[in-house]
Structure formats: C-alpha cells, structure tokens
Amino acid sequence: MAEYTTQPLTPPLKSHAPRPSWRTVFLLWIPAFLLVITILLPVGYLVVRALGGEAAIWDLVFRVRNLEILWNSLVLAISVTFASIGISLPIAWLTTRSNLPFKRGWALLTALPLVIPSYIGAYLFVSAMGPRGIVQGWLEVLFGIERIPSLYGFPGALYVLTMLTYPYILLSLRAALSGMDPAVEEAARSLGHTPWQTFLRVTLPQLRPALAAGSLLVVLYALRDFGAVAILRYDTFTRAIYIQYQSSLDRSAAAVLSLILILLTLIILGLETRKSTSTRLYSSSSHVRPPSIVPLGKWKWPAMLFCGAIALVALIFPALNLVYWLVRGVQSGEQISSLWRPSWNSLSVSLAAAFVTVAASLPISILRVRRSDQYTFILERLTYLGFALPGIVIALALVFFGANYVLILYQTTPMLIFAYMILFLPQAMGAVQSSLLHVHPNLEEAGRSLGKGPLQVFRGITFPLVQPGLGAGAALVFLTAMKELPATLILSPLGFKTLATSIWGAVSEAFFAQAAAPALLLILVSSVPMAFLTIRKQL
Amino acid sequence: MSLYTIECSNLSKTFDGVTAAVYDLNLTVQKGEILALLGPSGCGKTTTLRMIAGFERPSNGIIRVEGNVVANGQKFVPPEKRGISLVFQEHALFPHLTAFENVLFGLKKNEESRKQANFYLRLVGLENLGERYPHALSGGERQRVALARAMAPQPVLILFDEPFSNLDADRRARIREEVRAILKASGSTAIFVTHDQEEALFMGDRLAVLNAGRLEQIGTPEEIFHSPATRFVAEFMGSTDFLPGEVAEDGIMTEIGFIEQPTYFPNGTPVEIAIRFDDVAFEPAAGEKSIVLARYFKGAYNIYRLRLPSGRLLHAMQPHTRLIRPGTPVRVYLEPGHRLTCFHEERANS
Numbered sequence: 000m001a002e003y004t005t006q007p008l009t010p011p012l013k014s015h016a017p018r019p020s021w022r023t024v025f026l027l028w029i030p031a032f033l034l035v036i037t038i039l040l041p042v043g044y045l046v047v048r049a050l051g052g053e054a055a056i057w058d059l060v061f062r063v064r065n066l067e068i069l070w071n072s073l074v075l076a077i078s079v080t081f082a083s084i085g086i087s088l089p090i091a092w093l094t095t096r097s098n099l100p101f102k103r104g105w106a107l108l109t110a111l112p113l114v115i116p117s118y119i120g121a122y123l124f125v126s127a128m129g130p131r132g133i134v135q136g137w138l139e140v141l142f143g144i145e146r147i148p149s150l151y152g153f154p155g156a157l158y159v160l161t162m163l164t165y166p167y168i169l170l171s172l173r174a175a176l177s178g179m180d181p182a183v184e185e186a187a188r189s190l191g192h193t194p195w196q197t198f199l200r201v202t203l204p205q206l207r208p209a210l211a212a213g214s215l216l217v218v219l220y221a222l223r224d225f226g227a228v229a230i231l232r233y234d235t236f237t238r239a240i241y242i243q244y245q246s247s248l249d250r251s252a253a254a255v256l257s258l259i260l261i262l263l264t265l266i267i268l269g270l271e272t273r274k275s276t277s278t279r280l281y282s283s284s285s286h287v288r289p290p291s292i293v294p295l296g297k298w299k300w301p302a303m304l305f306c307g308a309i310a311l312v313a314l315i316f317p318a319l320n321l322v323y324w325l326v327r328g329v330q331s332g333e334q335i336s337s338l339w340r341p342s343w344n345s346l347s348v349s350l351a352a353a354f355v356t357v358a359a360s361l362p363i364s365i366l367r368v369r370r371s372d373q374y375t376f377i378l379e380r381l382t383y384l385g386f387a388l389p390g391i392v393i394a395l396a397l398v399f400f401g402a403n404y405v406l407i408l409y410q411t412t413p414m415l416i417f418a419y420m421i422l423f424l425p426q427a428m429g430a431v432q433s434s435l436l437h438v439h440p441n442l443e444e445a446g447r448s449l450g451k452g453p454l455q456v457f458r459g460i461t462f463p464l465v466q467p468g469l470g471a472g473a474a475l476v477f478l479t480a481m482k483e484l485p486a487t488l489i490l491s492p493l494g495f496k497t498l499a500t501s502i503w504g505a506v507s508e509a510f511f512a513q514a515a516a517p518a519l520l521l522i523l524v525s526s527v528p529m530a531f532l533t534i535r536k537q538l
Numbered sequence: 000m001s002l003y004t005i006e007c008s009n010l011s012k013t014f015d016g017v018t019a020a021v022y023d024l025n026l027t028v029q030k031g032e033i034l035a036l037l038g039p040s041g042c043g044k045t046t047t048l049r050m051i052a053g054f055e056r057p058s059n060g061i062i063r064v065e066g067n068v069v070a071n072g073q074k075f076v077p078p079e080k081r082g083i084s085l086v087f088q089e090h091a092l093f094p095h096l097t098a099f100e101n102v103l104f105g106l107k108k109n110e111e112s113r114k115q116a117n118f119y120l121r122l123v124g125l126e127n128l129g130e131r132y133p134h135a136l137s138g139g140e141r142q143r144v145a146l147a148r149a150m151a152p153q154p155v156l157i158l159f160d161e162p163f164s165n166l167d168a169d170r171r172a173r174i175r176e177e178v179r180a181i182l183k184a185s186g187s188t189a190i191f192v193t194h195d196q197e198e199a200l201f202m203g204d205r206l207a208v209l210n211a212g213r214l215e216q217i218g219t220p221e222e223i224f225h226s227p228a229t230r231f232v233a234e235f236m237g238s239t240d241f242l243p244g245e246v247a248e249d250g251i252m253t254e255i256g257f258i259e260q261p262t263y264f265p266n267g268t269p270v271e272i273a274i275r276f277d278d279v280a281f282e283p284a285a286g287e288k289s290i291v292l293a294r295y296f297k298g299a300y301n302i303y304r305l306r307l308p309s310g311r312l313l314h315a316m317q318p319h320t321r322l323i324r325p326g327t328p329v330r331v332y333l334e335p336g337h338r339l340t341c342f343h344e345e346r347a348n349s
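These protein sequences, in sequence, are chains A and B.
Counting with numbering that gives the first Met the number 0, you get residues 0 to 538 for the letters of the first sequence.
Counting with numbering that gives the first Met the number 0, you get residues 0 to 349 for the letters of the second sequence.
In case anyone wonders, no lab produced these hints; they're calculated from the structure.
Every residue, glycine too, gets a C-beta built ideally from N, C-alpha and C.
Keep in mind that the hints are not guaranteed to be accurate.
Below are the DSS-like pairs computed for lysine-lysine, each with C-alpha atoms no more than 25 Å apart in a straight line [said to hold, decoys possible]:
1) K74(B) <-> K299(A)
2) K74(B) <-> K30(B)
3) K114(B) <-> K80(B)
4) K114(B) <-> K297(A)
Pairwise CB distance ranges (calculated) [as the list claims (entries may be wrong)]:
5) D167(B) <-> E444(A): 29 to 39 Å
6) I61(B) <-> F101(A): 30 to 40 Å
7) L262(A) <-> E100(B): 33 to 43 Å
8) P294(A) <-> E177(B): 38 to 48 Å
9) P289(A) <-> D167(B): 23 to 33 Å
If we strip away everything but chain A, and leave its shape as in the complex, we get:
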C-alpha cells in the first residue's frame, strides 16, 4: 500500500486554470470543502476535549505514567526499525545481487509476512509461546515444566512487530538495489576499491533514501499498531488510550494521550518530508544494464540458512501454528457456521467503506490533478490526516464527537464506515489521482470542443478512462478495511461482530482455537490477492 500513499504527483498539467465556473464550484469545490470539514471537526473536537479536561493539561502530559508510555512507544518503534533493517539488508542484497539459489522463491517467502495483520501475528505468537501455548504444552509433557519465562511486554512486541514489518524495508531496499546503476559500483572498483569497500562507501550511501522510506513505514506501523501491543500487553500509546477509554469516566486522559501521539506522528512525518526533499538529489539516471551478480562461493550455505530461518520463523511457523489451532478447534466441535455473521458484517461494511471512500476522494482528486495550486494542495494534505492518525485516535474522536453532537449516528454502522473513510482516504486518493493523471486534459478539451458540457465529458470520457483506477482504489480500501481492528472495536454497534473483532474477542479470552478459523479466513480474503499484486510488482 506504500506505493499509493506516498506516490508523488507529476508536475501540474495546467498551471493557470481559468476562473472556476459555478459548476466546478458546486460539483467540486463545495463537496471537497464539506469533506475536509467533516474530517476535521471530530479531530478538532478531540483537541478541544484534551485541552478542556478536569485536570490541568500540563499535569496530564507530564504525568510520570505518560512519559513512560512515550518512552515505551519510542523505544519499541526504534528497536523494531533497527531489527527490521538488520533482517532486510542482507536478504535484500542476497536476493538482488548475489547468485543465491532460488532467489525469486526467497524473495517471495520473505516478503509474504506482510499479509498477516498485527493482532493475528500476536495471537499466533502468544498461542505458541505464551503460558498456555504449544511450546509450554510440549515442555510439560516432556519435562513436566509448567511455567516458562513470560514473553509478554517488550520482547514479545519487538519480535512480533519486527517479523510483520520488516518486509516494508525489504521491498523498498530490493527496489533500490535492483534499480541502481551497476556502473557506479564498477567505477568504484576501477578506482581501487575492493567489493566490501565499494559496498560501504558507494552502495550503502545510495540506499539511504530507500532505507528512510521503508523505516518511516515501519516506525509509523509500530507507533500506530494496536493489536500486537494490546495482545502482548506492552504499554504504548495505543494500548494506554484503549485502556483509558474503557476504564475511566474522565475521557480527557485518553484525549491527551491521543494528542501526544498525533504530535509524535506529525513530527515524524515532518522529518520525513524534509528528508525526502533533500534525498531527491539521489535519483539516478536511467540505466541500461541489470545489476551485476556477485558469486557467493562458500557463503552460499550460510546465506540460504539465514533466508530459510527468517522465512521459517516469520511465515512458516505462524502458518503451521494457525493450521494446528484450526484442527484443534474443529476437533473440539468449533462451529464453522458461527463465522457467517461476522464474515457478512466484515464484507458489507468494508464494501460500503470502499464505495464511500472512492466517491469522497473524487472531487479533491479532480481538483488536485486538473488545477495544481496551493489551495488544492492544502485540501489534499488535510485529507491525508488518516495517514497521520492512528485508527484508535480517529475512533476516539468520533466517539467523543458522536456522543455529544450527533447522537443519531453514535454507535451505528454509518459512523464506522465514516471512520474507515477518514482512515483510508489517502489510499483511495493515490489510486484515483494516478489514474486521473493518465487522462490527458486534451482528451477532455476535445470533448468540450465537440460541444459537450463538463458533466457530459466526465461521464462519457473521463469516467470510463479512470474506472480501472477507481476500482483499484476501492479494492485497496476494501482489503484494508477488512483487517482494521481498533476503530472497528470502538465504533461497532453493540453486538456487531466482524472477523477482526471475533479474533480479538477470542484471543483476549485465550480461546486460541476459536480465533483460528476467522484469522485464516481474514488472511485469505483480505491480504493474499493484494500481497501477490504488491510483491509481483517488486520482484
């Protein structure tokens, strides 16, 4: 999904558009403004709530406990990023630049953990390594060991998140390594540098932008993740916000925590945009040759072992574990038919979210692509809020706002769908804008010059041409909405269970067998097609 949300816009097609007609005002500008306002209102309210709580705001912010949470979140995000780099860098190099056997196979296997939602990853980890998990069971049978050291907290969260997120860095590095001009490295060799010196002084510095891009995704993932840290009981912002929200009557504490998390995310995104403008320098010229391949020699077997070990612990063990619990669940009389309801719920709200989100993205996308100036830029950036804000924060904002101002919508599916729209609007915008960019304005101008009005032109020319892009955007939103957990958990109407919340419910009660079937279904339905699309593009 990274390539949609971070896609840069090509240069403006039209820099000096004529003054907008009343039609563009009514059909594009007003809907665009309305959308931005409805997005901003709940978040703005959250800020108000945070500032207007009972306790003085600064006391809340600097409460020892909150600083501890901040520390926990940062340490986790940074450790996960470094661990992911440590895993990704060797695999990326081996699968692009060496003569490792079965390179494409390794590349696919090591990228696939991308399809596992974090709460499923955490569930599989806990069900294997936890106090009532498989490993403990074996140890009890074999040696009579009844307790094993707890992996809850930091070690578990670090392990699970790393195994789920390193593919973001891996894919980014692979793309950079295979796109690099081999002549640059050869130049270093011909200037007297050994292969190792060349790697350190020439290859690695050129990988910096790719490392930064991949790391940003990993840092944001770790900061915003709710499922893994909640299941593994590690106190970061998202878990603390959820606990505050559930347990306390004064909700401004949750609001304050959300506010700090928002600020943290914005700071990181700000650093990234500053960095990416300075790393634009590194774009290399078009090149003619594929990268040169380094023979591994006696290092072939250790290299295979490394890739194999990662694939085993990140993908194969979890998959086997899932199958194990599935079988156990069926044996103990778990009803597969009980999945119908949550599956139907997941499908219907996700489908609705896909349609609503793509429709909502159209006015701003059209304005942005056809009229690239600072106003449309600001509008567009404001809709990127969903990219910056964790699902749990947006859910909380909607709960506060809904409970106080729009009680009709409070705890209804439209509210849930609205939350999905805010969260996944950037993805839809990416897909819709890139398809709009492929429709040359000349086509529309030709339609206008043949006597058709703007609406007729849109219906007869633009819409048919961008339809595949709209479809891609909708599919992306649908798949991501299926997997979404925290917003679904908080905003679902009473008794409304989706696949994601069923898994969550079962795992919180340690009914591991009960979670297996919905987890498998969710992975298959939501992620596998997308993973293959993403990965095939990169391989």
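Place chain B on chain A using the hints.
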C-alpha cells in the same frame, strides 16, 4: 617495462557457452596512444572493454597490462588491482558525493590527494564547481567530472565506454575536442569505444573495427577509410556503394564500363567494388539508359541518386551549384583519382 600498455592475445568471451560475444581478438595499445574501438551495437566492443577493465572474465586468451598477465586461464586480477580507470556511458558519478569528492574517491586519504583532486578538476575546467552534487551539473560538466575522476589516480590506461552518446550533437563535438586535447596533453593511454565512425576517426590514433565479436581491421584512420580490409569495414565507414564486376586482364568489367586497375584476383573472379560518393561522375546524355532519380541538397554540396541500367543505385557527390533535373538520362563514369578497393567474398585483395 613492456612495449605495450595493453596487450590482448586470442581473447574470447562466450556468455552462454555457445555464441561468442568476442572471438579470438588480438590487439595492442602503446603508451600514450588512443585506440578507438569501433563497431555496430552488439559487436562485442563493450564486452572487450569490460574484460580489459576486469568486470568480465575472458573465456579464453590472455590480457597483459604493461607486460604483466592480469587475466588468463588461471589468473584473474580484480578490477581494483589493475590500475585501469573507466569513463562510463552515463558517467556513473557517485550521486551522494560532490564533484570534488568524486574526483577524490580513487585517491589515498591525505592532504596531497586533495591538491591532486583540485589539480584534475582545474584540468577539466571545473575548479569552481567542486562543491556541486552531480544532479546540479549539466551533461557536459558531469562528463568532465567523470574524466577528472578517471584521470586523478594516474591510471596506466583509461577506458571510455561511449562516453558522449548522451550529449546533443553540438555539445558532443565540442567536448570530444576538449577530451582529446586533455588526454594528449597529459600523455594518457586510452581505449575509446564508440559506434560512431566520425567520432572514432576523430578520437583514435588508431581504429579497431569489430563486427560480430571479430576484429575486422586495425589501423590508422586513413588506412581504415582508404583501404578497408573487408566489405563490412567499407560499408560501416559510410558513404559507400558497391558495384559488382568481373576481373579481367588489367582491370575490372562493370556495367558502367571497364575500370583499368589490376587486381590480384584471377581473371573471371566476381568482385564488388567499393565506390564512395565522390568517386562518381556523370554527364547528361540523350539516349543513355542510366537516369537521375533524385537530388538531395546538403547545403555545401548535392548528392545525386543515379539508377543504372540494371536497376542498381549509385550515389554521386556534386558541387552545390550543379543542378540537374531528376529523370534526366546520364552517362555514369568513375573518376576516383585513387585505387578503388574491391572485394571477393567480403574480403579485399587489392
């Protein structure tokens, strides 16, 4: 000290074990010489260059640098130990380093090196742009940084892989003059790969023409142009038509008449004569079977396309003032003023 800076003996390279990219190549380059390696794309010239640089292992043959074997069946010296620099087609400047740091890259880390790097930047006229990153330099400036970077470690040999092909025609002409002047002034030895015959004639002290992995001919620009060893070389150097004929006593019989020029071929041998556009003359004459098909105005001169009775086409270069209407019947004859090269089964024997 060996006589030759570089010496390739029986050099061959196959990538798939079957088809040879380079086959049985022999060539030498003397100290201070610029050799232009010329041929159409896919002829093996870049592969040859990469074997000399150490980025490809020869399948067969020996490469010597200043008399020392750097590659043969057993031995293979890696590129960083050969003292051979490269200037790449797309420059391959390090994008994360400034122009100055790029030039410094191949030097040892000391104060002396910084002076040396500055010296070479000055040599290519870029002393003021040292702090710029490659993306902020123009195509020609990048080219010159690449040259300075290659020259700075004072290599025994500099290899150029079609270095000017990304520049526009105007800039190309200017920068190749500069590069040749710099190389000659510093007494550098170089191999220069190109597919552009005009560029090869300009840059090379000697030319080596490659075709399908084999060396067709090696010699001075004049030798290559005036006495091509094969039909391929004659055709590749351009502006040439081939007229079939048959060897007779003291000359060759063609459809436009007898050419008095003894050959070493036995009588009756079918040959093809290489005829340059400036070798052909014609006069309007009623009743002749050859006609003018078209005239192409080139500014300083006219090129006439003539159709012979057999339907074969010949081209003639004429002054820009001489205007003859297409369709005019003409008598075609040759006025070479030098020996014409003729080929039997693609090879010359004049």
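Which of the listed hints are not met by the structure?
4
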